[in-house]
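Visitor: Sequence:
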Amino acid sequence: CALPIWGTRHPHVVWAAEDPRNGNLYVYREIAPRRDLKEPGIPAEELIDMIRDAERGTPEGNSAICLRVADSADPAAILAAARKGLPVAKANKGKLDGEGSVRKGHELVEALLRWHGPDGEPVRPRLFIHRSCPVLIEEMEELRWGPEIPGQEPAPDPECADHGPDALRYLVRYRYDRCHR
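For the sequence shown, the numbering used here gives the first residue as 1, with consecutive numbering after it.
Derived from the structure by calculation, the hints contain no laboratory data.
Among these hints, one or two may not hold up.
Pair ranges (Cβ atoms, derived) [stated by the list, open to error]:
hint	residue 1	residue 2	range
1	Ala17	Leu37	32 to 38 Å
2	Gly117	Glu45	44 to 50 Å
3	Glu46	Gly117	41 to 47 Å
4	His130	Arg52	17 to 23 Å
5	Arg9	Pro134	36 to 42 Å
6	Pro147	Tyr26	31 to 37 Å
7	Pro150	Ala89	32 to 38 Å
8	Lys93	Cys179	17 to 23 Å
9	Arg52	Arg103	41 to 47 Å
10	Gly57	Gln152	30 to 36 Å
11	Cys179	Pro150	31 to 37 Å
12	Gly41	Gly146	22 to 28 Å
13	Asp157	Tyr26	24 to 30 Å
14	Glu46	Pro122	40 to 46 Å
Quick reminder that beta carbons are idealized off the backbone N, C-alpha and C, glycines included.
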């Protein structure tokens, strides 16, 4: 699986594999270029080329075995990817089980990372992030929730970088939706 988050300043792409024996999810690669506001942005086409270059000569390069899902905020980028031979599905940003997609998506990620069950008993985590994804790891460690605003869905603090966690929650949500149709 590859999951691109479009954006000209902070795009993020993560690759993950699911172990069919136990359902564990392994995040093993990322592309996370970051640009300062003074620098020119990264066009979607450039990010698509980065993804294709990263996948060249790898099993992910065979789109028949790779599911791709992308942030649906930029439909033109999704079409551009398809034109370049990189088909991607739109991430579902709708409500899940009656709750907002941001909070619920983060809860799905947290459930896979959990070491303890609801009654405190030890459980095995089912999501593993390899150290080859340092930007994702840093952003996950520094992610904080912003203040709750009545009538609005809870969201991460806008001061926190959350592009990697967004990519991960879209991926986990896509996986959840495919398993719970």
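Visitor: Hint by hint, note whether the structure agrees.
Guide: Cross-check of the supplied hints:
1. Ala17 x Leu37: 32 to 38 Å: holds (35 Å)
2. Gly117 x Glu45: 44 to 50 Å: Once the Cβ atoms are compared, 45 Å apart, the range 44 to 50 Å for Glu45 and Gly117 holds.
3. Glu46 x Gly117: 41 to 47 Å: holds (44 Å)
4. His130 x Arg52: 17 to 23 Å: holds (21 Å)
5. Arg9 x Pro134: 36 to 42 Å: violated (18 Å)
6. Pro147 x Tyr26: 31 to 37 Å: Holds - the Cβ-Cβ distance for Pro147 and Tyr26, about 34 Å, lies within 31 to 37 Å.
7. Pro150 x Ala89: 32 to 38 Å: Since the Cβ atoms of Pro150 and Ala89 sit about 34 Å apart, the hinted range of 32 to 38 Å holds.
8. Lys93 x Cys179: 17 to 23 Å: Holds, at about 18 Å.
9. Arg52 x Arg103: 41 to 47 Å: Since Arg52 and Arg103 have Cβ atoms about 33 Å apart, the given range 41 to 47 Å is violated.
10. Gly57 x Gln152: 30 to 36 Å: Since the Cβ atoms of Gly57 and Gln152 sit about 45 Å apart, the hinted range of 30 to 36 Å is violated.
11. Cys179 x Pro150: 31 to 37 Å: holds (34 Å)
12. Gly41 x Gly146: 22 to 28 Å: holds (25 Å)
13. Asp157 x Tyr26: 24 to 30 Å: The hint (24 to 30 Å, Cβ to Cβ) holds, given that Asp157 and Tyr26 are roughly 28 Å apart.
14. Glu46 x Pro122: 40 to 46 Å: 45 Å Cβ-Cβ, so the 40 to 46 Å window holds.
Hint compliance for this structure: hints 5, 9, 10 are broken, all remaining hints hold.
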